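Peer 1: Produce the entire structure from the sequences given, and follow the hints as far as they go.
Per the numbering used here, residue 1 is the first one in the sequence shown, and the count goes up by one each step.
Worth double-checking, as some hints may not be accurate.
Using 20 Å as the maximum straight-line C-alpha spacing, the simulated EDC-like pairs for lysine to aspartate or glutamate come out as follows [to be verified]:
1) 360 - 325
2) 366 - 325
3) 366 - 402
4) 295 - 549
5) 356 - 392
6) 453 - 300
7) 286 - 555
8) 301 - 401
9) 366 - 318
10) 390 - 353
11) 390 - 420
12) 301 - 549
13) 453 - 555
14) 356 - 451
15) 440 - 352
16) 403 - 337
17) 543 - 318
18) 301 - 402
19) 301 - 334
Derived from the structure by calculation, the hints contain no laboratory data.
Treat the numbers as computed from the prediction; the structure is a model and nothing was measured.
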Amino acid sequence: MKNDERDESSRGEEREASESEAVKNEAESDAASESEGASDAENEAESDAPASDEKAAAGENKAPSSDRSAQKSAWNPRPVVTPRVGYALSVLTALLYFLAFPGTAARPFAFVAFFAFVPWLYAIRGQTPRMALKMSWLMMFVGASCGFYWLVNMLEVFSGFPLPLCVLFAAILNVYQSGRMAVTGWLYGRATERGWPHAPVFIAAFVAGELVYPLLFPWYAGVTMHDWPIMMQVADLGGPFAVSVMLMGSNLAIAELIEVYRRMPANRVTMAVGFAVPVIAALYGKIRMSSIDAKVANAEKIRVGMVQPYNDLFNRRDALRTHLDMTKELQKKEPVDLVVWSEAPLGRAFSEERYKQMVKFDVTGKLGVPSIVGALLVRQPDRTKDPTAKRDFFNVALMADEKGNIIGRYDKQFLLMFGEYLPFGDVFPIMYKWSPNSSKFTPGTSFAPLEWKGHRISTMICYEDILPSFVNKLVAAGDPDLFVNLTNDTWFGNTTEPWIHLALAKFRSIEHRLYLIRVTNSGVSAIVDPNGRVTVHGGVYTKESIIGEARFLRERTVYSRIGDAPWWTLSLLVGIAAFRKRKGTNAARS
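Peer 2: Put into C-alpha cells, the structure is as follows:
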C-alpha cells in the first residue's frame, strides 16, 4: 500500500495519496481497537495482505502513468472498512431491505430498494471470500428473520411442538435460507480477487444466488417493486431476476457515486449504466403496459365469483356448507360465468376411483354454474401385494361444467414441507407421530391445463404460483390463456405472509401476460391483470365473496420462450470466474 502511495506521489497526485493514507490509517486504528476478542476478524484481515499482494503492488509501480483510467476503474482490492464496521453495514442493509419488502396491501417504501444494498456493497468490498460470505450470511439472516417471522406460527400450528422449539426451528430455517446471499458474497469475493471486474461479477453473483440456491419459501429482491407496476414490466423479458438486476444496477451506481464524492477511484461506466437501467426499465414499462392494455381491451371477458370462506384450518366439518351457501348468495348479487373456490375446502377426502360421481353429487352439481374447486382425493393401496402399503393422498383442483360434471383435474406437484410432507418422513416414519398435524401427500406429474369452452386454464395450488420456473413449464406444456391459483394461507396466521404471497404471485401475470385469478381460504383473494395490477381483492382473515372481471389472453413473451437460460449462463460464468484467474492480472489472493 505504501509503495502504491509513493507511486501516486511520483505522478503528482498528492491529494489522492494523502486521502488514501488517511483512510488506511483510520482502518488500521479501527482494526487495532478490536484486537481483543476478534481473532477471527484479524485472521481474515491478515489473509488480505499476503506476499503475493506485495509483488502485485511492485508490479503496479512499474506501470506507466497513462494507466490511471484503468486504475480508477478497478474495484479497490483491499477492504474499505474493518470487519466490525462491515458487519454493521450488512445489518443496515438487512433493515433497509426489510423496509422495502412487501408486507401490507401497499407499502410506501419500495424506493428504498434502489439503494438498500449500498451499505452491504461497501461491507464486502475488497474482503476475502470467507469474510464476504460471513457478512452476506449475516445480512440475509437478519433480513429473513424480520421478513419471515411468521414461520414460527406456521411451525407451531402444524407440528404441535412447543413455542421455544418452533423458534429454534425457524432460526435454523432462516440460517439455511440466508445461505442464498452467502453464496452471492462468496462468489463475488472469489471472482474479484482473481481480477474479474467487480460490477459484472456482483450482478452475476446476485443472480446466481437467487436462481441456483434452493429455498423452502422462494423470494426475490425484485418483489420489492410489486406495488410499482411500471418498474416490474421487464419481468416479461427475464422474470423476477430481470427486476432484481435493475435494482442491483442502481445500487452499484450509487456506490460509485459515493466514491466520486469521497474523491476515490470510481468506475464512471458502471455509474452511468447503473443509473440508466432503471430509466430504461421505466420507459419500457410504460410502452409495454400501454400495448398490453390495448390487447386486453379486445379480449374476451369473463365474470368471476371468488369465495373466501375463512374456515378454521382444523375444523372443516362446516366448510362445504359454508362454500355452498356463499356461492348461492354470490349468484344472487350478480350472475357470473365461473365460480372459483379455494384450496381443499370440501371437508373430507374423496375416493379417487369414484371422485367424479361423488364430487358432482355432493358439490358441483348443486352450484348451477361452471366452477373450479379444490379437493382432496385418496387412492387405496393394493394390500394383497403389500400388506404394509399406505394410502396416497392428492391435493387437486377440479373443473366442472354448469351441470356439475367433472371435466378436468390438476394435481399439485410442489408440496409444502412440514405441511404436506415431512423431510425424510419416508425414511423415518416415526416423524409423522412426532408431528401429528403434518400430512403426507403424493405429488402430481402432469402439466396439462384445465380445458373449458375452448379455453386452456393453467392451475396452480398453494405456493406453486411463486415458482417462476415451474410456471414456465405449465405455460410451455399448456399454452394457456388464463391462470388460476387456489391457496390456503390460514396456517400462517394473521401475519404479513398473505400479502407477501400475493406480491410474489403478481410476477407470473407479467411474465406470461395472463390474468391470474387467485382464491384463498383466508385472504388475500384477488384478480391480477397482465400488467401485474390488482384489479380487485379481498381482505385478510375475512369471510367474503368477491366478484371481478378477467379476460382470456394469449401472449407469448420472451421469458415464456427462453425462460431462465440467460440467467443460468450468467451463473455458470461467475462460477467459472470464481475458480479461474483473469489473464493479465496478478492481484489474486490465495
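Peer 1: Evaluate each hint against the coordinates.
Peer 2: Cross-check of the supplied hints:
{"no.": "1", "hint": "360 - 325", "in the structure": "holds (16 Å)"}
{"no.": "2", "hint": "366 - 325", "in the structure": "holds (10 Å)"}
{"no.": "3", "hint": "366 - 402", "in the structure": "holds (10 Å)"}
{"no.": "4", "hint": "295 - 549", "in the structure": "holds (15 Å)"}
{"no.": "5", "hint": "356 - 392", "in the structure": "holds (17 Å)"}
{"no.": "6", "hint": "453 - 300", "in the structure": "holds (12 Å)"}
{"no.": "7", "hint": "286 - 555", "in the structure": "holds (18 Å)"}
{"no.": "8", "hint": "301 - 401", "in the structure": "holds (18 Å)"}
{"no.": "9", "hint": "366 - 318", "in the structure": "holds (16 Å)"}
{"no.": "10", "hint": "390 - 353", "in the structure": "holds (16 Å)"}
{"no.": "11", "hint": "390 - 420", "in the structure": "holds (15 Å)"}
{"no.": "12", "hint": "301 - 549", "in the structure": "holds (7 Å)"}
{"no.": "13", "hint": "453 - 555", "in the structure": "holds (19 Å)"}
{"no.": "14", "hint": "356 - 451", "in the structure": "holds (16 Å)"}
{"no.": "15", "hint": "440 - 352", "in the structure": "holds (16 Å)"}
{"no.": "16", "hint": "403 - 337", "in the structure": "holds (13 Å)"}
{"no.": "17", "hint": "543 - 318", "in the structure": "holds (14 Å)"}
{"no.": "18", "hint": "301 - 402", "in the structure": "holds (18 Å)"}
{"no.": "19", "hint": "301 - 334", "in the structure": "holds (15 Å)"}
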